[in-house]
Amino acid sequence: MAVVEVDNLRYRYPRQTTLALDGISFTAEAGEFIGIVGPNLSGKSTLCHALIGLVPHFYKGAIGGRVVVAGLDVHATPVAEMSRRVGLVFQNPFTQITGAKLTVYEEVAFGLEYTGVPREEMVPRIEEALRLLGLWELRDRSPFALSGGQMQRLAIASVLAMKPQVLVLDEPTSQLDPSGTREVFEAVAALCRQGITVIMAEHKIELLAEHADRLLVLHQGRLVADGTPRDVLSRAVRGELENEPAPAPPVTEAAAALGWTMPEGGFPVTLDEAVAVGRAVMAGDSGADSR
Amino acid sequence: MRVSLYVPADTWLHRLDPMTKLLMAAAGVALTFVLARIESGAVLWAIFFTVLGTGRVLRQAGSVFAGVGIIAATFLIVQGLVHPTNATPLIILGPVVFYKEGLLIGLRLALRLYNILSATLVLVLATNPADLTEALVRRGAPARLGYVIMSVLQIIPTMVAQSAAIADAQRSRGMETEGSLWVRVKAFLPLMGPLVTSSLIATEERALALEVRGFGSSARPTFLKPEVRPPHAGLVRIMCVLTLAAGVAGRLLLGW
Amino acid sequence: MSAQRKTSPWSMQFSTLTIVLIPVAIGINYVGKLIAAALKLPLWLDSIGTVLAAMLAGPWVGAISGAANNVIFGLTADPISFWYLITSIAIGFVVGYLAFTGWVSSFGRAVALGFIVGIVATVVSTPINVILWEGQTGNVWGDALYAYLVGNGWPIWLASFLDELVVDIPDKLATVIVSYLILRALPERLASLFAGGRDQVERL
Ligand SMILES: Nc1ncnc2c1ncn2[C@@H]1O[C@H](COP(=O)(O)OP(=O)(O)O)[C@@H](O)[C@H]1O
Ligand SMILES: [Mg+2]
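The listed protein sequences derive, respectively, from chains F, A and E. 1 is the number of the first residue of the first sequence in my numbering; add one for each residue after it. 292 is the number of the first residue of the second sequence in my numbering; add one for each residue after it. 548 is the number of the first residue of the third sequence in my numbering; add one for each residue after it.
These are computed hints drawn from the structure, not numbers from a lab. Heads up, some of the hints might be wrong.
Computed cross-link-like contacts, DSS-like style, restricted to lysine-lysine with a CA-CA straight-line distance of at most 27 Å [what the hints assert, rightly or not]:
hint: 1; chain 1: F; residue 1: K163; chain 2: A; residue 2: K516
hint: 2; chain 1: E; residue 1: K587; chain 2: A; residue 2: K391
hint: 3; chain 1: E; residue 1: K580; chain 2: A; residue 2: K516
What follows is a set of in silico ranges between Cβ atoms, one per label pair, in the way DEER data are often shown [claimed, not checked]:
hint: 4; chain 1: F; residue 1: R182; chain 2: E; residue 2: S558; range: 44 to 54 Å
hint: 5; chain 1: E; residue 1: S558; chain 2: F; residue 2: T27; range: 32 to 42 Å
hint: 6; chain 1: F; residue 1: S147; chain 2: A; residue 2: F514; range: 37 to 47 Å
Where chain F lies over chain A, by a calculated footprint (3+ residues, C-beta under 8 Å) [what the hints assert, rightly or not]:
hint: 7; segment: 435-442
hint: 8; segment: 495-507
hint: 9; segment: 510-521
Note that CB positions come from ideal geometry on N, CA and C, so glycine has one too.
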């Protein structure tokens, strides 16, 4: 059964006249990694917020359609209740630190304390989350003394300790350097393998093409494409998506220009795939050349 | 930069649980108002001195005392000069006459100031604010109040650092921060405005981040750290109550 | 949908956003005081945060910010501030209520609001000064006036009131004007997020 079900979701912010989300429908299974792409202001953050109920409970405004996550109707469930099934990680590593705890270890405990998790259960959960994100050695540091990548992993550990079935990340690497970005992607991919559903809004299309099982493409609040990275990005390079909302990674562009296609159809979306396809094409070419 | 005056150490006072120290402070403030005579106020201050001294925080208390020295001096001067009951001249410096009655009242006010300060410092100097907050929340104070207290203690150093950075930036752009009163008044808004605006804007993201951590939950919170109360806490609590009772009885029966 | 519900400024709903505002307000109070002292201004300017919180989120949040401000400083750094708790609460209430009834709609009205706040602060602080310190405030200028008046046979209450008034009127006037200017400079989206905190979610 699908862990996330979004059906004809429509949303308008207060005092606005246009819809920020307009008729979005999709589902996600356990352990799936879904990337959300689209230009700025296309509604990626709004959609992320809608999966945990910040839209509409925090922002108010007007909502329509249905969002069911981990069996709960998001529109009828308080965010505090949703937070035990869905974790949300934001863009800015700094403002996600609660500012009320003195160490990394205590920071992870914050959500557990507020939702009343018994102490005996807290300790192992915190340790597990910190080890999983590679922060165990840093547990006695002040959260503000961490690097950007470490802070972002702390944010992930903090929501992970709540044992969510779904992890939503809104451009989690946009303020990180390449090594911080890699840290985050590797951590997230590991969680996915453990059966957690990951939904990530992200601009770094190469990394999504490599890790995501599916891509959702947003444009002006509407879902304009939903499919495997190969499918979506191949359509993007062929100019089949209206208004070209999703730039394909350079490998895909290059492969398309050379006419290198995958055996099962579509263009390669990662460097590895392109190399494999390219090698086969070259081998074929040289075979033909040598007569 | 730290906001809290807390001085970490390992003394009998530091080891006491926060609630016991809260009781000490409350009893001390109550006694300040119960005891009427200057002599009794002085005895009370001596008791506080002993507590602060054996708790190894006397030096820090001393700098707080010095900080309010001007206020205490104003009490003596103003009351010595003008209190309505003044009748007996004590010190005459040319046209300025200090009266005995007023000086005694000023002395009582100064003692009251120092006694209130000392009572609170017993709690403040020797208690980690995080522990105090947690102790209060355990006893039914709203968890959100706990958040506010802890957040203030972390937010203030951050904001002070930011304001220093803004001041440097504005000065390097040629803003004057010294000179006539008007020049200094005009400098206030450019120093304050950007910091206030940016910290207000950040409230949205911080609120979102807290919401997804279950902050709005109506469940009773639990606590990562277990609560410990040292063996000597009971004795200290009994002493507090006895001292307070003795003070009240002394005031009523013997006019202390 | 029916017409927009008219909400009262006295609604006691504290969203996470308003809770987060409280420590920020206290931080603003603190930094205001610090900058005023660094510039050697003859004003305290230590309630800008309380005033802004009240303007943005209403009388309850204003009052709670004021109360929390004095309790926290009373318990950590400045034990005497604890006793002026009631003054801070009164400032929060007055500004929060009047801001919701249109007293920050123009500069002129903000100036009037500053006077009102100054008078309220004085009225509330005077009894505290009388109970604790025979009516003195500990502020050199105000106490000089106090000494002159009491020396000329004025009653302590009245001298104390004027002592506090000469200090509070300029201070609160400046505080409210600075807060008003900052409020005007905030992005529309933030102000409406605070204002909309009590709205209901509509169905599309
Ligand atoms: N708090 C808000 N109030 C009003 N409009 C908003 C708010 N947040 C976002 N929007 C609008 O909603 C649309 C989608 O924004 P957003 O979800 O932030 O897009 P993205 O994350 O893809 O950049 C934009 O038109 C934006 O202006
Ligand atoms: Mg966004």
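*Taking a Cβ-Cβ distance under 8 Å as contact, does the segment 510-521 of chain A have three or more residues in contact with chain F?*
Coverage by chain F holds here, the residue count being 7 at a Cβ distance below 8 Å.
*Check, residue by residue, whether the segment 435-442 of chain A contains three or more positions whose beta-carbon lies closer than 8 Å to a beta-carbon of chain F, and give the verdict.*
holds (count 4)
*Mind checking the hinted window 44 to 54 Å against the Cβ distance between R182/F and S558/E?*
Holds, since R182/F and S558/E (Cβ atoms, about 48 Å apart) stay within the stated range.
*Restraint status (C-alpha distance of K163/F to K516/A at most 27 Å)*: The given pair, whose Cα atoms are some 21 Å apart, holds under the 27 Å limit.
*Pairwise hint evaluation, K391/A against K587/E, where the allowed Cα distance is 27 Å at most*: 36 Å, violated
*Is the hinted pair K580/E and K516/A satisfied, with a Cα-Cα distance of at most 27 Å?*
36 Å, violated
_I want to verify a distance hint. Is the separation of the beta carbons of S147/F and F514/A within 37 to 47 Å?_
For F514/A against S147/F, whose Cβ atoms are near 29 Å apart, the range 37 to 47 Å is violated.
*Within the assertion that chain F covers the segment 495-507 of chain A, do at least three residues meet a Cβ-to-Cβ distance smaller than 8 Å?*
holds (count 12)
_S558/E versus T27/F beta-carbon gap, inside 32 to 42 Å or not_ = 39 Å, holds
Of the hints listed earlier, those the structure fails to meet are numbers 2, 3 and 6, in rising order.
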